[in-house]
Amino acid sequence: MASILTVPSRRLDRQRLQDAAFRGTTQLFALGVLVLLGGIVMALAVGAVPAFRRFGWAFLTSDAWNPVTEQFGGLPAIYGTLVTSLIAMLIGIPLAFGIAVFLTELCPPALRRPIGTLIELLAAIPSIIYGIWGLFVLAPVLQLTVQPMLIDILGDLPVIGALFSGPPLGLGVLTAGIILGFMVLPFIAAVVRDVFSTVPAMLRESAYGIGATTAEVVRHIVLPYTRAGVIGGIMLGLGRALGETMAVTFVIGNAHRIKASLLAPGTTISATLANEFTEAVGTLYTSSLIALGFILFVITFIVLAAAKLMLLRLEQEAAK
Amino acid sequence: MQARSGLTFWLGALAALGLAAATAAGAGATEISGAGATFPYPIYAKWAEAYKAKTDVSMNYQSIGSGGGIKQINANTVDFGASDMPLEPDVLEQSKLTQWPMIMGGVVPVVNLQGVAPGELRLDGVTLAQIYLGKIAKWDDPAIKTLNPDAKLPSTAIAPIYRSDGSGTTFIYTNYLSKVSPEWKEKVGNSTSVEWPTGIGGKGNEGVAALSARTAGAIGYVEYAYALQNKLTYVKLINKEGATVTPDSKSFQAAAANADWQKAPGFYLLLTDQPGKESWPITGASFILMHTTQEKPDTAKAVLSFFAWSYQNGAAMAEALDYVPMPDNVVKLVEASWSDKIKDAGGNSVWQPH
Amino acid sequence: MQAADLYARRRTVNGIYLALSMAATATGLAILFLILWTLLRNGIPALGSDLFTETTPPPGSRGGIANAIYGSIVMTAVATLVGTPVGVLTATYLAEFGAGSRIAPVIRFVNDILLSAPSIIIGLFVYELMVLRMGHFSAWAGSVALAIIVVPVVVRTSEDMLRLVPASLREAATALGTPQWKVIVMVIYRAAIQGMLTGVMLAVARIGGETAPLLFTALNNQFWSTNMNGPMANLPFVIFQFAMSPYADWQVLAWGGAMLITIAILLLNILARLLANWSNRSP
Numbered sequence: 001m002a003s004i005l006t007v008p009s010r011r012l013d014r015q016r017l018q019d020a021a022f023r024g025t026t027q028l029f030a031l032g033v034l035v036l037l038g039g040i041v042m043a044l045a046v047g048a049v050p051a052f053r054r055f056g057w058a059f060l061t062s063d064a065w066n067p068v069t070e071q072f073g074g075l076p077a078i079y080g081t082l083v084t085s086l087i088a089m090l091i092g093i094p095l096a097f098g099i100a101v102f103l104t105e106l107c108p109p110a111l112r113r114p115i116g117t118l119i120e121l122l123a124a125i126p127s128i129i130y131g132i133w134g135l136f137v138l139a140p141v142l143q144l145t146v147q148p149m150l151i152d153i154l155g156d157l158p159v160i161g162a163l164f165s166g167p168p169l170g171l172g173v174l175t176a177g178i179i180l181g182f183m184v185l186p187f188i189a190a191v192v193r194d195v196f197s198t199v200p201a202m203l204r205e206s207a208y209g210i211g212a213t214t215a216e217v218v219r220h221i222v223l224p225y226t227r228a229g230v231i232g233g234i235m236l237g238l239g240r241a242l243g244e245t246m247a248v249t250f251v252i253g254n255a256h257r258i259k260a261s262l263l264a265p266g267t268t269i270s271a272t273l274a275n276e277f278t279e280a281v282g283t284l285y286t287s288s289l290i291a292l293g294f295i296l297f298v299i300t301f302i303v304l305a306a307a308k309l310m311l312l313r314l315e316q317e318a319a320k
Numbered sequence: 321m322q323a324r325s326g327l328t329f330w331l332g333a334l335a336a337l338g339l340a341a342a343t344a345a346g347a348g349a350t351e352i353s354g355a356g357a358t359f360p361y362p363i364y365a366k367w368a369e370a371y372k373a374k375t376d377v378s379m380n381y382q383s384i385g386s387g388g389g390i391k392q393i394n395a396n397t398v399d400f401g402a403s404d405m406p407l408e409p410d411v412l413e414q415s416k417l418t419q420w421p422m423i424m425g426g427v428v429p430v431v432n433l434q435g436v437a438p439g440e441l442r443l444d445g446v447t448l449a450q451i452y453l454g455k456i457a458k459w460d461d462p463a464i465k466t467l468n469p470d471a472k473l474p475s476t477a478i479a480p481i482y483r484s485d486g487s488g489t490t491f492i493y494t495n496y497l498s499k500v501s502p503e504w505k506e507k508v509g510n511s512t513s514v515e516w517p518t519g520i521g522g523k524g525n526e527g528v529a530a531l532s533a534r535t536a537g538a539i540g541y542v543e544y545a546y547a548l549q550n551k552l553t554y555v556k557l558i559n560k561e562g563a564t565v566t567p568d569s570k571s572f573q574a575a576a577a578n579a580d581w582q583k584a585p586g587f588y589l590l591l592t593d594q595p596g597k598e599s600w601p602i603t604g605a606s607f608i609l610m611h612t613t614q615e616k617p618d619t620a621k622a623v624l625s626f627f628a629w630s631y632q633n634g635a636a637m638a639e640a641l642d643y644v645p646m647p648d649n650v651v652k653l654v655e656a657s658w659s660d661k662i663k664d665a666g667g668n669s670v671w672q673p674h
Numbered sequence: 675m676q677a678a679d680l681y682a683r684r685r686t687v688n689g690i691y692l693a694l695s696m697a698a699t700a701t702g703l704a705i706l707f708l709i710l711w712t713l714l715r716n717g718i719p720a721l722g723s724d725l726f727t728e729t730t731p732p733p734g735s736r737g738g739i740a741n742a743i744y745g746s747i748v749m750t751a752v753a754t755l756v757g758t759p760v761g762v763l764t765a766t767y768l769a770e771f772g773a774g775s776r777i778a779p780v781i782r783f784v785n786d787i788l789l790s791a792p793s794i795i796i797g798l799f800v801y802e803l804m805v806l807r808m809g810h811f812s813a814w815a816g817s818v819a820l821a822i823i824v825v826p827v828v829v830r831t832s833e834d835m836l837r838l839v840p841a842s843l844r845e846a847a848t849a850l851g852t853p854q855w856k857v858i859v860m861v862i863y864r865a866a867i868q869g870m871l872t873g874v875m876l877a878v879a880r881i882g883g884e885t886a887p888l889l890f891t892a893l894n895n896q897f898w899s900t901n902m903n904g905p906m907a908n909l910p911f912v913i914f915q916f917a918m919s920p921y922a923d924w925q926v927l928a929w930g931g932a933m934l935i936t937i938a939i940l941l942l943n944i945l946a947r948l949l950a951n952w953s954n955r956s957p
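Protein chains in written order, with this note's numbering: chain A, 1 to 320; chain B, 321 to 674; chain C, 675 to 957.
In short, the hints are calculated from the structure, not lab data.
There's no promise every hint is true.
What the hints assert, rightly or not - Lysine-lysine pairs mimicking BS3-like chemistry, simulated, CA-CA at most 30 Å apart: (1) A/Lys259 to B/Lys505; (2) B/Lys551 to B/Lys416; (3) B/Lys458 to A/Lys259; (4) A/Lys259 to B/Lys616; (5) B/Lys455 to A/Lys259.
Produce the complete structure using the sequences and hints provided.
Right under this line is the structure:
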């Protein structure tokens with residue numbers, strides 16, 4: 001006599017099949033993510049081949065951008081991308097740190113959640129809004145007040161002067177860097193605040209217990225403990241700044257030139273793509289644009305991979 | 321939990337049904353699409369609006385620049401392309417395209433100087449070239465002062481504004497500069513997209529107009545309708561005969577009067593630096609590009625019907641914006657070229673003249 | 675004496691740092707309010723029934739942004755409907771089946787790269803893949819580009835949520851003899867649904883404001899169009915085009931659209947946050 005607890009083997013087989021099918025489906029989609037990234041890299045690489053074959057490594061060092069003679073070089077775009085991101089970091093990191101310190105050490109607990117939410121809302125604002133705000137509000141203010149001031153005060157100094165020379169246009173590398181700084185600020189602040197709060201209370205309180213001031217606790221206890229995570233957060237912000245398109249396109253001035261002055265117009269890789277891609281005529285021009293996209297992808301990939309590794313290391317250390 | 325997931329399911333199903341219905345419904349109305357030059361955009365948009373009111377055909381025109389128009393028609397992503405730079409006859413042959421002039425207008429330098437009224441400032445081609453080359457950097461430069469002894473010129477820095485996208489307006493402008501300044505021709509050249517020695521780039525005629533209006537000390541070049549519509553400070557130019565001309569439909573027409581369209585193969589004709597005391601030196605025509613073999617003859621017919629209607633009924637709207645409509649004899653030549661050049665897969669003409 | 679000096683100096687330094695951190699927070703909040711205020715000040719004049727019922731006009735005529743609003747809603751909806759299942763299934767693999775596998779960490783890594791990849795690159799990719807092949811711009815291409823942005827967000831949040839489901843729930847279901855796929859679909863999904871929904875809402879908020887991927891895929895359409903197989907108007911592109919133009923009436927519409935997008939996205943974010951808090955509170 002069969003026990004009531006025995007499941008008919010046909011039913012079991014069917015269930016096993018269903019399980020395998022489900023697992024296979026999820027595996028398929030998961031692999032699809034890999035295929036997607038691979039596809040993007042391949043599509044970019046293939047599209048960039050004509051440009052690289054024609055110009056070789058010179059594409060990275062040439063500052064020509066002449067659709068008439070079909071001479072293209074990526075240097076102005078790469079330079080602009082790096083410089084605007086650098087300015088963004090110089091502005092965003094101190095502000096983000098200040099906010100993180102305020103929220104974790106100073107802020108009364110009742111206000112912590114609302115202020116934290118407000119800062120995170122900064123991250124939710126679409127980048128195109130930053131762009132038009134920069135164009136309509138920030139650029140005129142810079143052109144009429146801040147930039148003339150910078151030129152007057154700093155323009156004649158020996159080394160720094162070169163950074164602040166030229167007519168005040170309102171648009172340019174500096175303006176783009178400032179807008180980018182405001183954009184990445186909430187991202188870095190969110191990550192830094194999160195890693196700051198992973199510091200065990202006991203560590204911090206022992207420091208306070210021996211009489212350390214808040215600033216000293218942050219500098220000597222919190223920061224060293226969260227070093228990997230903080231650097232990871234910074235690099236996440238950097239990755240974001242490098243790839244940002246719309247906020248920059250509005251205010252950078254669209255000039256394929258490298259000038260020492262921060263007040264000069266310039267361009268970034270993504271702004272160049274946004275402006276010129278739908279209109280590039282000729283295989284070499286289009287291929288040069290895709291090559292720029294490929295370079296941007298490589299740069300952001302390296303930065304993001306490094307950030308991810310840093311954050312992974314922090315997670316492992318915290319788990320210990 | 322059960323109720324919520326059930327609700328989610330029904331919402332999702334409704335959304336999917338709605339989408340399907342929308343797609344099906346959308347497939348019915350006639351839509352023709354074109355992309356390209358920003359130069360004629362104000363008048364094309366006006367024509368499209370009027371045409372839709374009359375025939376319910378939607379002419380969707382995206383002003384992405386002449387370079388974009390050429391690229392998109394070559395890629396066959398639009399029904400027609402628009403470009404202020406005419407393609408040379410051998411390029412037309414190679415790309416299996418035909419082109420014709422649709423409308424004419426003038427490219428006008430505009431400035432942003434406090435205390436200078438529209439039409440007050442006077443420049444010539446060589447000075448313009450020097451400004452855009454970066455050789456003349458301030459508004460109170462002696463070269464500008466000589467041409468304008470009475471004007472109050474501040475010592476502000478000049479901010480040249482150019483087109484950052486591939487532009488037929490740039491083509492017309494640099495064509496003029498190349499004709500009057502050998503230095504410009506050698507250093508920069510003539511094309512839809514050049515390597516500008518100095519200045520800021522704006523996207524489209526719109527972008528240049530917006531930047532010029534916003535940046536103190538700016539000088540830009542725009543199609544005249546943009547200067548009019550946005551009340552920009554335009555500049556008078558000294559033409560080939562040495563006469564000072566104001567930009568308006570009269571001076572554009574004077575330049576266009578010299579055009580001999582019949583003798584131009586593929587309608588390739590440039591109207592810059594034309595002779596005549598009243599001629600505006602930077603005049604140009606804007607062209608339409610279509611494939612010579614049409615896979616969808618009905619769409620082609622709809623496109624040509626729109627342009628035929630615009631030729632016939634659009635003159636008043638064009639003149640209100642200071643464009644110059646094509647003269648009747650040219651319209652006849654163009655429509656003859658449609659029957660001649662634009663054919664369907666079977667070799668039959670798409671357009672029947674009437 | 676020295677100790678007192680040292681103490682005084684430490685206190686001053688501390689005071690400076692804390693003042694700076696307060697100033698930084700004030701700056702951050704000030705930027706937020708400045709942007710919101712600019713949006714409201716310039717966008718409210720655009721409000722009116724026209725904004726929602728009329729289509730984008732040529733310069734100099736009256737109109738609204740109805741076609742752009744419609745296009746954005748449709749493309750966002752399609753992208754979410756396509757991207758969410760893909761993301762959830764991938765997250766299921768990573769959370770449920772990926773434990774011992776060597777490829778799961780790689781997929782997670784790649785997913786995070788995709789999460790922060792420049793969206794213009796994704797637009798380029800879809801242009802090469804779809805627009806060129808199909809021979810025309812289309813709302814389908816635009817939706818695909820947006821879906822590619824949705825997937826990593828959903829994968830990230832869903833995986834976290836699925837992992838949070840207590841093992842006891844899993845084990846109880848399996849002990850009843852439920853096949854694994856039913857455990858996942860009927861028990862674990864249901865337990866994690868609020869968190870996953872939050873993730874979807876965050877993804878929607880993210881793509882709602884994306885412009886770059888649509889620049890080369892859906893392009894734009896000045897007329898009302900419901901045809902997914904052709905260019906379709908969308909809010910970000912219209913804002914881009916109208917804001918950069920010199921026409922005052924276009925600029926007003928641009929600000930109106932910008933205000934609408936920002937309010938919608940901020941509301942979605944706040945809602946997602948409330949939903950997450952609410953689900954965390956219930957035992």
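Indices of hints not satisfied (ascending): 2 and 4
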